[in-house]
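Chains as they are written, first to last, in my numbering: chain A, 1 to 504; chain B, 1 to 431.
You may find that some hints are simply not true.
Anything over 12 Å on all C-beta distances counts as not near chain A; from chain B, calculated [to be verified]:
no.: 1; residue: V40
no.: 2; residue: V220
no.: 3; residue: M233
no.: 4; residue: V294
no.: 5; residue: N297
no.: 6; residue: Y303
no.: 7; residue: A304
no.: 8; residue: I394
no.: 9; residue: Y413
Under the rule of at most 27 Å between Cα atoms (straight-line distance), these lysine-lysine pairs were calculated in the DSSO-like manner [said to hold, decoys possible]:
no.: 10; chain 1: A; residue 1: K270; chain 2: A; residue 2: K140
no.: 11; chain 1: A; residue 1: K270; chain 2: A; residue 2: K248
no.: 12; chain 1: A; residue 1: K248; chain 2: A; residue 2: K140
no.: 13; chain 1: B; residue 1: K81; chain 2: B; residue 2: K67
no.: 14; chain 1: A; residue 1: K270; chain 2: B; residue 2: K205
no.: 15; chain 1: B; residue 1: K67; chain 2: A; residue 2: K387
For the record, the hints were derived by calculation from the structure and aren't laboratory data. Because the structure is a prediction, the values reported are computed rather than measured. For every residue, glycine included, the Cβ atom is placed at its ideal position computed from N, Cα and C.
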Amino acid sequence: MAPLLELRGITKQFPGVLANDQIDLTLEPGEIHALLGENGAGKTTLMNILYGLYTPDAGKLLIRGKEAQMTSPDQAIHLGIGMVHQHFMLIPQFTVTENVMLGDETLQRGVFLDRATVAARISEISEQNNLQVNPDAYVKDLSVGAQQRVEILKILYRQSDILILDEPTAVLTPQEAEDLFKVIRALVARQVSVIFISHKLKEVMEIADRITVLRNGRVVGTTRPAETDMAALARMMVGREVILTVDKKPARPGAVVLELEDLMVLDDRKHLTVNGVSFQVHAGEILGVAGVQGNGQTELVEALTGLRAIAGGRTRILGHETTRATPRQILEAGVAHIPEDRQRDGLVLNYPIADNLILNTYYLPPFASGISMHENTIFATAEELVKAFDIRTPSVRTAVSSLSGGNQQKVIVARELSRHIKLLIASQPTRGLDVGSIEYIHQQLVAKRDQGAAVLLVSSELDEIMSLSDRIAVMYRGKMMDIRPSDQVTREELGLLMAGVQPT
Amino acid sequence: MANSVQVEEAGGGGTPAAKPAAAPRASVWQRSLNALAIPVLALFSALVLSAFFILGSDPVVLTAWSKFFANPGGALGISWKTVADAYGALFLGAIGNPGQMARAAELYLTTGQTQALVNAFYPFTESLVASTPYIFAGLAVALGFKCGLFNIGAEGQIYIGALVAGFVGYSFAGLPWIIHMPLTFLAGALGGAVWCAIPGFLKAKTGAHEVINTMMMNYVAFNLADYLLNGPMKRGGPEGFIPISPDIQTSAEFPRFFPSPIRLHLGFIVALAMAILVWWFLYKTTLGFEIRTVGANPRAARYAGISVTRNFVLAMALSGALAAMAGAGEVMGVNHNIAQGFSPGYGFDSIALALLGGSHPLGVVFAALLFGTLRNGATKMQSLATIPIDIISIVQAFVIMFVAAPAIIRWVYRLKAGGGAQAIFTRGWGG
Numbered sequence: 001m002a003p004l005l006e007l008r009g010i011t012k013q014f015p016g017v018l019a020n021d022q023i024d025l026t027l028e029p030g031e032i033h034a035l036l037g038e039n040g041a042g043k044t045t046l047m048n049i050l051y052g053l054y055t056p057d058a059g060k061l062l063i064r065g066k067e068a069q070m071t072s073p074d075q076a077i078h079l080g081i082g083m084v085h086q087h088f089m090l091i092p093q094f095t096v097t098e099n100v101m102l103g104d105e106t107l108q109r110g111v112f113l114d115r116a117t118v119a120a121r122i123s124e125i126s127e128q129n130n131l132q133v134n135p136d137a138y139v140k141d142l143s144v145g146a147q148q149r150v151e152i153l154k155i156l157y158r159q160s161d162i163l164i165l166d167e168p169t170a171v172l173t174p175q176e177a178e179d180l181f182k183v184i185r186a187l188v189a190r191q192v193s194v195i196f197i198s199h200k201l202k203e204v205m206e207i208a209d210r211i212t213v214l215r216n217g218r219v220v221g222t223t224r225p226a227e228t229d230m231a232a233l234a235r236m237m238v239g240r241e242v243i244l245t246v247d248k249k250p251a252r253p254g255a256v257v258l259e260l261e262d263l264m265v266l267d268d269r270k271h272l273t274v275n276g277v278s279f280q281v282h283a284g285e286i287l288g289v290a291g292v293q294g295n296g297q298t299e300l301v302e303a304l305t306g307l308r309a310i311a312g313g314r315t316r317i318l319g320h321e322t323t324r325a326t327p328r329q330i331l332e333a334g335v336a337h338i339p340e341d342r343q344r345d346g347l348v349l350n351y352p353i354a355d356n357l358i359l360n361t362y363y364l365p366p367f368a369s370g371i372s373m374h375e376n377t378i379f380a381t382a383e384e385l386v387k388a389f390d391i392r393t394p395s396v397r398t399a400v401s402s403l404s405g406g407n408q409q410k411v412i413v414a415r416e417l418s419r420h421i422k423l424l425i426a427s428q429p430t431r432g433l434d435v436g437s438i439e440y441i442h443q444q445l446v447a448k449r450d451q452g453a454a455v456l457l458v459s460s461e462l463d464e465i466m467s468l469s470d471r472i473a474v475m476y477r478g479k480m481m482d483i484r485p486s487d488q489v490t491r492e493e494l495g496l497l498m499a500g501v502q503p504t
Numbered sequence: 001m002a003n004s005v006q007v008e009e010a011g012g013g014g015t016p017a018a019k020p021a022a023a024p025r026a027s028v029w030q031r032s033l034n035a036l037a038i039p040v041l042a043l044f045s046a047l048v049l050s051a052f053f054i055l056g057s058d059p060v061v062l063t064a065w066s067k068f069f070a071n072p073g074g075a076l077g078i079s080w081k082t083v084a085d086a087y088g089a090l091f092l093g094a095i096g097n098p099g100q101m102a103r104a105a106e107l108y109l110t111t112g113q114t115q116a117l118v119n120a121f122y123p124f125t126e127s128l129v130a131s132t133p134y135i136f137a138g139l140a141v142a143l144g145f146k147c148g149l150f151n152i153g154a155e156g157q158i159y160i161g162a163l164v165a166g167f168v169g170y171s172f173a174g175l176p177w178i179i180h181m182p183l184t185f186l187a188g189a190l191g192g193a194v195w196c197a198i199p200g201f202l203k204a205k206t207g208a209h210e211v212i213n214t215m216m217m218n219y220v221a222f223n224l225a226d227y228l229l230n231g232p233m234k235r236g237g238p239e240g241f242i243p244i245s246p247d248i249q250t251s252a253e254f255p256r257f258f259p260s261p262i263r264l265h266l267g268f269i270v271a272l273a274m275a276i277l278v279w280w281f282l283y284k285t286t287l288g289f290e291i292r293t294v295g296a297n298p299r300a301a302r303y304a305g306i307s308v309t310r311n312f313v314l315a316m317a318l319s320g321a322l323a324a325m326a327g328a329g330e331v332m333g334v335n336h337n338i339a340q341g342f343s344p345g346y347g348f349d350s351i352a353l354a355l356l357g358g359s360h361p362l363g364v365v366f367a368a369l370l371f372g373t374l375r376n377g378a379t380k381m382q383s384l385a386t387i388p389i390d391i392i393s394i395v396q397a398f399v400i401m402f403v404a405a406p407a408i409i410r411w412v413y414r415l416k417a418g419g420g421a422q423a424i425f426t427r428g429w430g431g
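Please construct the entire structure, taking both the sequences and the accompanying hints into account.
This is the structure in C-alpha cells:
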C-alpha cells in the first residue's frame with residue numbers, strides 16, 4: 001500500500017540558502033512522524049511547501065500515491081492536510097464556532113450563518129476526540145491549551161487526515177503538553193496521521209513512531225524511538241557530540257544584589273500584570289523565574305531594567321533605590337540585560353556588529369571622549385569580542401541582520417557580559433537558538449555567576465530553569481507562586497505551580 | 001520571518017556571495033557603483049518617460065501623429081527632433097554650451113579677456129546657485145529621516161529662516177561684515193530650530209505625529225510671512241505697495257565670487273561645509289549615534305539608555321535649523337530681501353531629494369545638484385524649445401517613483417537584488 005504522503009527529492013533554494021536539499025519523507029496512515037531539527041534546519045520551510053505556501057524548486061509530492069501540485073493552502077486543505085502554526089490563527093473576539101466555520105461557512109437560506117449546525121458538529125467532533133471544547137466560548141477566554149485544541153478541531157472539522165503540528169508544545173505547561181499528547185494519540189487511533197515538528201528531544205522520544213532528523217536542509221536520517229536515545233538524536237541534529245546537562249558547582253551566594261518589595265507593574269493596556277512580587281537575588285546565585293509565557297515575566301523584567309514604569313512597591317540594587325531609575329542609571333549601576341526579544345529590543349539590525357557591541361556604552365571611554373567617537377577603538381574592541389565570544393561572522397562591519405539567530409544572541413551576550421557587572425537579567429536567553437548556541441550561553445551564565453554576579457534568569461523552558469537555577473521562582477498571573485531551592489522541587493511540582501496550583 | 005531559514009555563518013540577507021571566504025568588504029568603487037546604479041537608471045528612465053509628455057504637450061507633434069499613416073517617417077522624425085531640442089535646451093540651460101566654454105577659455109588664456117568666460121559659464125554657475133537651497137533643505141529632511149522623523153515642514157522653516165535672517169540683515173546697521181554676516185545666518189538658523197522644535201516637542205510629550213504638525217506649522221509660517229511682509233516688515237517708500245521687505249545691509253550679504261551676472265555666492269560653500277558637518281555629526285559623534293539609533297530602532301535605543309524623546313526634539317531642532325539656512329542663504333546670497341512666495345517649493349522638493357539621496361549627506365549633495373540643474377535648465381527649455389517648465393516636475397516625480405520602487409528599475413534593467421540593508425526613512429503613522 002502506498003504511503004499516505006510521500007515527499008521525493010524536495011529542494012528549495014532561497015537567496016544564499018539551500019533551505020531544503022533533496023528531502024525524502026513518507027507518512028503512513030495512523031503514524032506520528034516527528035520532524036526533528038534545530039532552528040534553521042529547514043523544518044518549517046518543508047512544511048510550508050507541504051501546505052502550499054511555497055513552491056519547491058525540485059521534487060515531487062505524492063498524496064495517496066497521486067502526484068499533487070500544491071500551490072495554495074486552499075488546495076492543501078482540500079487534499080486533507082491541516083496545519084497548526086506556532087502562532088495560532090484564531091480571532092479572539094469570535095466564538096469557537098465562528099472561528100471553526102471561518103473560511104468554510106455553512107449557510108442558511110444562502111445568506112445567514114448556520115451556527116447551530118456547526119456548533120452541533122463541533123460538539124460531536126470534540127466528544128469523539130476528547131478535545132473538551134465548548135463551541136459557544138469566546139476564543140479570548142480560552143487557555144492557550146484550549147486554543148490549540150480549537151486549532152486542531154478546525155482541521156478535523158474540514159475532515160483532514162494529515163495533521164501538521166509546528167512546535168506545538170512551545171506555548172504549553174508540562175501538564176498541558178501531556179494533555180496534548182493524549183489527544184494526539186487518540187487521533188492517531190482514528191487513523192489520522194500527524195507530522196510533529198519539534199526541536200525538543202525528550203518529547204519527540206515520547207510521542208513519535210518515527211523520527212526524521214534534518215540538519216542544514218538535508219535529511220540526516222530516519223529512526224524509531226526504540227532504536228535510538230537522546231544523545232544519539234542530539235548528535236544527529238547538531239552533527240557533533242553535545243553535552244546535554246550543564247556542569248556547575250554548588251552556588252556560593254553572597255550579599256543581596258537585587259531586592260524587590262511588593263512590586264506592582266501595569267501592562268500596555270493598564271492591567272495589573274505584576275501583582276505584589278517580592279524576592280531577593282544574591283551575588284553568586286542564579287534565580288530562575290519559571291512560568292508559562294504571558295504571566296507577567298515580560299513586564300517584571302521591563303520594570304527592573306527601567307523600561308516600564310513601576311506602579312507600586314520598590315526595587316533596590318546593591319542597596320540603592322532604583323524604583324524610579326532610568327534605563328541608563330540602572331545600566332550604570334552595573335546591571336546587564338539580555339532582552340526577551342533580541343531583534344526588537346537588543347539589537348539594531350542594520351547596524352554593523354561593532355556598533356551593536358557598543359550600543360549602550362558608546363558614550364563612555366574608551367569608545368568616546370566628549371561627543372567624538374573613536375572608531376579605531378570601537379572596531380578593535382569588536383574584533384576582540386568577536387573572537388572571545390566566538391561570533392561567526394566575516395567581519396565586524398557585517399550588519400547584524402545577516403547573522404544567524406545564535407550569532408545575533410552572542411552579540412548581545414558579548415556586549416552585556418564583557419562589561420563589569422553586578423547583576424545580569426537574562427530573559428529567554430536561548431529562545432529559538434540551536435543546541436550549540438544554547439550550550440554556549442548556558443556556560444556563560446554559569447561563569448558569570450561563579451565570578452560573583454547575581455543572575456536573574458527568566459525562561460519559559462522548564463528544562464533550562466531546572467538545569468541552571470540555584471533557586472526557582474514560579475510566576476503565575478502576576479504573582480510568585482513559590483520560591484524554592486532547585487534541589488527541593490520536582491518537575492511535576494513546578495508544572496503544577498506554573499498552572500496556578502499549589503502542590504500539597 | 002516567513003521561513004525560519006538562516007545560515008550559520010552569514011549572508012542570509014539575500015547576498016549569495018556572502019560566504020566567509022569572501023572579502024570582508026566590497027571595494028569602495030564597487031560599493032559606490034552599486035549605490036549609484038539605481039538613481040542613475042532612475043534618472044535615465046524618468047527622462048525617457050517624460051519625453052512622451054513633451055511630445056504630448058506639443059501641438060505640432062500631435063498633428064504629425066494624426067497623419068501618421070500618410071507620413072509615418074514625418075511623425076517619427078518630428079518627435080525625435082522635438083525631444084532632442086527639448087533636452088538639448090535643458091542641457092544648454094543647465095550646463096552651458098561646451099563649444100562656447102572652450103572658446104571662452106582659449107580667449108581668456110590668450111588675451112586675458114573674462115567677459116566671454118563669464119557668459120559661457122553662467123548657466124553652470126546658475127545651476128549651483130539653484131542647488132544651494134536644495135542642499136540645505138535636503139540635509140534637513142535627511143537628518144529627520146535618520147531619527148525616524150518625517151519633517152515635511154521644511155518649506156515653512158525656509159520662510160522662518162528667511163524672515164529672521166532678513167530682519168537681522170536689514171535692521172542691524174553699522175556692524176562689520178565679519179560679525180553681521182554670520183550673525184544674520186545663524187539667527188535665521190536659530191529661528192528655524194525653534195520653529196521646528198515645537199512639533200518635535202509635541203511629539204516627544206504627547207505623541208502627536210510630526211507629519212501633521214510640521215504640515216500645519218507650514219500654514220502658520222506662510223501666513224506669518226504674508227502678514228509681516230504686508231505689515232511690520234514691509235519696505236517703505238515708492239515700492240510700499242509690494243509685499244517685500246527692505247534690502248539687507250551689504251554687511252549681511254553673502255559675497256559673490258565672480259563678476260556679474262554670475263551670482264554664485266558663499267552660501268554654496270557653506271552648504272557643502274554643512275553637508276560635511278552633518279556627515280561628521282551623524283556618523284562620528286555620540287549625538288549622531290543616538291539619533292541614528294532612535295531612528296533605526298527606538299526600542300533598542302531605549303534599552304541602551306538613550307532618551308528617545310530628547311532625540312526627537314534635538315533632531316527636529318537641527319532639521320529646522322538646516323531648512324532655515326536654505327531661506328537665510330537665499331536672502332543673503334541671491335535676493336537680498338524677502339519677497340512673498342520667494343521659494344518655489346524648495347522645501348517640498350527636498351523631501352523627494354532626501355529620498356533620492358538615500359538620506360546620506362553625500363547623496364543629498366548629488367541629488368541637490370541634480371535638482372538644481374534640472375530646475376535651472378528648465379527655464380532655458382521653456383524659452384528655447386517652448387516646453388512647459390512643469391515637465392521638470394514630471395521628471396522629478398518619475399525619478400522619485402523609481403527610487404522609491406527600485407524593484408521596477410531592477411526588473412527593467414535586469415539588475416540583481418542588492419543585498420545591503422534598506423535605508424530606513426521613517427516609520428508609519430502612529431509610531
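Practice prompt. If any of the earlier hints don't hold here, list their numbers in rising order.
Written response: Per hint list: 4, 5, 6, 7, 11, 12 and 15 violated.
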